[in-house]
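Enquirer: Protein sequence lines, in the order shown, are assigned to chains A and B.
This note's numbering applies: residue 150 is where the first sequence begins, and numbers increase by one.
This note's numbering applies: residue 150 is where the second sequence begins, and numbers increase by one.
I should point out that these hints are in silico values taken from the structure, not numbers from a laboratory.
A hint or two may mislead.
Identical copies carry no separate label here, and so any pair may be met within one copy or between two of them.
To be verified - Heads up, simulated BS3-like pairs for lysine-lysine below, C-alpha to C-alpha not over 30 Å straight-line: (1) Lys-627 x Lys-163; (2) Lys-497 x Lys-292; (3) Lys-165 x Lys-627.
None of these values were measured; they are calculated from a predicted model.
Protein chains: 2
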Amino acid sequence: MEGFDPVVRAYPLKFKAPTLGDNRSPEKRLRDALSQELNQEQLYFPLQIARELPDVLPSSGYKVRAIVAKDHCGWRLCGCVPDEKPSKVLGLAVDLGSTSVVFYLVDLVSGKTIETLSKENPQRAHGEDILDRIIFAQRGGLKQLQKEVIDLFNGSAKELCKKAEATTSELFFMSVAGNTTMCHFFLALDPSHICKEPYIPAVNRFDIIFPSELGLDINPNAPVYVLPNVGSYFGGDLIAGILASKMAEREEISLLVDVGTNAEVVLGNKDWLVACAGAAGPALEGGILSCGMRAQPGAIERVEISPVDLSVHIKTIGDEPPKGLCGSGIIDLLAAMFEAGLVDQTGKLMIQRDPSRMTKIGHEWAYIVAFETETAHKQPVYITQSDIKNLIRSKGAMYTILNVVIQSVGITFDDIENFYVAGAFGNYIDPKKAITIGMLPDIPLERFKPLGNSAGKGAVRVLLDSSSMARIDEICDKITYLEMNVRGDFMNQLTGALFLPHTDLSRFPNVAKRLNLR
Amino acid sequence: MEGFDPVVRAYPLKFKAPTLGDNRSPEKRLRDALSQELNQEQLYFPLQIARELPDVLPSSGYKVRAIVAKDHCGWRLCGCVPDEKPSKVLGLAVDLGSTSVVFYLVDLVSGKTIETLSKENPQRAHGEDILDRIIFAQRGGLKQLQKEVIDLFNGSAKELCKKAEATTSELFFMSVAGNTTMCHFFLALDPSHICKEPYIPAVNRFDIIFPSELGLDINPNAPVYVLPNVGSYFGGDLIAGILASKMAEREEISLLVDVGTNAEVVLGNKDWLVACAGAAGPALEGGILSCGMRAQPGAIERVEISPVDLSVHIKTIGDEPPKGLCGSGIIDLLAAMFEAGLVDQTGKLMIQRDPSRMTKIGHEWAYIVAFETETAHKQPVYITQSDIKNLIRSKGAMYTILNVVIQSVGITFDDIENFYVAGAFGNYIDPKKAITIGMLPDIPLERFKPLGNSAGKGAVRVLLDSSSMARIDEICDKITYLEMNVRGDFMNQLTGALFLPHTDLSRFPNVAKRLNLR
Chain A
150 MEGFDPVVRA YPLKFKAPTL GDNRSPEKRL RDALSQELNQ EQLYFPLQIA RELPDVLPSS
210 GYKVRAIVAK DHCGWRLCGC VPDEKPSKVL GLAVDLGSTS VVFYLVDLVS GKTIETLSKE
270 NPQRAHGEDI LDRIIFAQRG GLKQLQKEVI DLFNGSAKEL CKKAEATTSE LFFMSVAGNT
330 TMCHFFLALD PSHICKEPYI PAVNRFDIIF PSELGLDINP NAPVYVLPNV GSYFGGDLIA
390 GILASKMAER EEISLLVDVG TNAEVVLGNK DWLVACAGAA GPALEGGILS CGMRAQPGAI
450 ERVEISPVDL SVHIKTIGDE PPKGLCGSGI IDLLAAMFEA GLVDQTGKLM IQRDPSRMTK
510 IGHEWAYIVA FETETAHKQP VYITQSDIKN LIRSKGAMYT ILNVVIQSVG ITFDDIENFY
570 VAGAFGNYID PKKAITIGML PDIPLERFKP LGNSAGKGAV RVLLDSSSMA RIDEICDKIT
630 YLEMNVRGDF MNQLTGALFL PHTDLSRFPN VAKRLNLR
Chain B
150 MEGFDPVVRA YPLKFKAPTL GDNRSPEKRL RDALSQELNQ EQLYFPLQIA RELPDVLPSS
210 GYKVRAIVAK DHCGWRLCGC VPDEKPSKVL GLAVDLGSTS VVFYLVDLVS GKTIETLSKE
270 NPQRAHGEDI LDRIIFAQRG GLKQLQKEVI DLFNGSAKEL CKKAEATTSE LFFMSVAGNT
330 TMCHFFLALD PSHICKEPYI PAVNRFDIIF PSELGLDINP NAPVYVLPNV GSYFGGDLIA
390 GILASKMAER EEISLLVDVG TNAEVVLGNK DWLVACAGAA GPALEGGILS CGMRAQPGAI
450 ERVEISPVDL SVHIKTIGDE PPKGLCGSGI IDLLAAMFEA GLVDQTGKLM IQRDPSRMTK
510 IGHEWAYIVA FETETAHKQP VYITQSDIKN LIRSKGAMYT ILNVVIQSVG ITFDDIENFY
570 VAGAFGNYID PKKAITIGML PDIPLERFKP LGNSAGKGAV RVLLDSSSMA RIDEICDKIT
630 YLEMNVRGDF MNQLTGALFL PHTDLSRFPN VAKRLNLR
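Please build the complete structure, drawing on both the sequences and the hints.
Expert: See the structure below:
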């Protein structure tokens, strides 16, 4: 397997019984044998294992399996068991999201992910919005937020190990990727300064932590590695994405964007990396639109509007009757409405273009995507004029962030070989539609590459490639972080991006040509 | 101070308040600043300190003192406190003896030992003899033995810190030197195999341990370093002696001998080291002689016998009335008796030489050193014919061990530039007397150098010189250990050494000349 050099290794070892001619201690025998295997790299030998070894060696007939895990300064002995009943060698990778927490149980002998488990983040009870949770933490709730996620980890580790017929003591390494705030909650670090100027996390780089420090029920010697953050709005989830995409290992220039409430962007290659994050607005995720909803069954995820008869064709998640619009559906909808002439370049609803679907909601016009007769809740699903303005502001911010980053290094979008789209709905965005509304740049479609769950993939890669931790340190050292809040050009550029697709059509030649725009 | 590069360092650091232009986390700011100071050496940043730092930095006006301690893989951040009330920077060195435990409180800013405390080892309640304690451990008492010594450590640390107007949380490093068995008790390691063939300890090299693993009440991040042992009968106390003498750092050849129940010997220089240990017999320590006693007030420590009138002149510890003979007194006594013709070369008492002091004790003759009228307990202090035989066997074993070691590398005693005498009564032996009886080789007196409490001195040096731990690893790797039990030449050579000073007088030319022996 390419790059398979896991963070945990198991060595079968055979010894001779001690004699007067060789009366090294069990500890020294094991250390000498492992020193050879580990190419003289440093080995830390925990006291508890040294205590058990004098029994284990003779009782196993001097045939044992030694398990070592990579830590901050070399290797750490995590166990030494009789070879006849060898331990499983497992690692746990965690995508610690604010909505869902996804656990990957990885067999570190085969390199295979053998079980996966997705759980709701129990902290949602204190607010869907991260800010609400930060306020809860500031009011004395930090320990509780930590406990909730630790309990979730312990329960999930147990559940996964049971499925795999293993024990949690066979979990020898844990890697955790989450955004800066989630990692602060996990480690009970004060998140107060994350969300206010000058936006400082308590910690950027987490050193290896041990399970007892957090109350984690895994092997007590298992290193716990939490991916670092570069800033308050650029967390370990993004670093995991950089690692998963391998963009920092290649000559060619790639761009990685995580589209969510914040747009987080990394641009670069093996020699340099530039990053920034900025509020792209929750409209893109559907969060604040009149009929926006999460990507759950019943959410409209695809929309097409016939240019001939203006008929609307929708696809919902789970093919259930529609309830609302999720992120990819919203982008599809705006693109389709624009292509069909239902909105103009400023985003204004063209009421006369299809009066049958235009209606007043309160004081303002709206376009009906699904009539009440078609929906699950017998309410229409629609998009209002304000929704469209919000959406255009969000997509404009997204594009502007990308453009500022590109310009900061003096290249153009054409220089980008790989355009990775990560994040909650990165998988589901149709790049062509996103280009049509001017959210993503007008480059060849084949350059867009969905990354899937990049945080999870990056966390798994940490387990499978023992050089990842050093590589991540290099990535962090290399990143130049542009603080979008302090860049005047952002506001200047944003204005031009508040059009469909943009005031400057030369930036979107294919869209202009296809839609015959001038 | 020569070689003063302590294992704990304190750095006063000043920061600017964070801004949008520099919004590194408190952790990253501290890490960046320390990285410079530490010459980019690895720094481990414990989670608990990362938790406290976001409060400490602003509340101190961004003026702090960071304290780092050397651990197994670089430096470990142990504290970060406001600079206006700086922490004391203390280390604790411990000579963990089976009889006494001596604590040295060291100020790691000045390098001075500011307090010393000597305590009886509470494990003596389970037997004066280490073997009795091993049996006690095997019968389920190991945890108790550990607890007794940990309690002693905690109580003594508290007592010392109180004297120094410090707190135990200001103890940032602990180094412990003891023999192999004592260290096993301290760490609750099974000592069963130490005392039976093939004499294997559970552990040779102890990695850095942290206070919570042992229940030590010192700074929770303070590394605890236990000096390694080379074998069951060659412990960290001897390694400390090698370190204290600096013999492994010099070109010239030195010999270090620790005279006790076992004789432990190291020979070598900066390029090579040979070691061995063997039973020299407790007679040298006075332990088993009829009137032997520990070196306490009332013990006869110096003896002279006038060659003219055979009058006996003694000096006791504390100048109190005599109660018995301690080690140095016994060696003096035998040498004086031999010089005065009171014993012959075979060790036979010459009854007629001074009938006034010869008496029968039970079936056998004895020589009275102090009459009952002179002593504290109104009993005579004497040495019997059997005592003398025992003593000669012990001194003969001592000499033979030295000789075997010397021969194993093909040198002679004349090649030894420094002859270090360590151990409980190493300080008190008069080398001239020890040479007279053939216990130590007949080399110029100025080459003998008492080392004092070499275990304590070595443990203190670990605190004062951060390269010591690496040096000790080198020492251990370099030592060739001769197992005296498996060397046939030992028994062959011993026979010749059962004379005063030796059957082969050419080995003791100065003694032979002075005493006109043939």
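Enquirer: The structure should be examined with respect to each hint, and the outcome stated for every one.
Expert: Hint check results:
1. Lys-627 x Lys-163: between (44 Å within a copy, 25 Å between copies)
2. Lys-497 x Lys-292: Classified as neither; 49 Å inside a copy, 80 Å across copies.
3. Lys-165 x Lys-627: Answer is between; shortest inter-copy Cα gap is 23 Å, intra-copy 49 Å.
Checked against the numbered hints given earlier, the structure breaks only hint 2 and satisfies all the rest.
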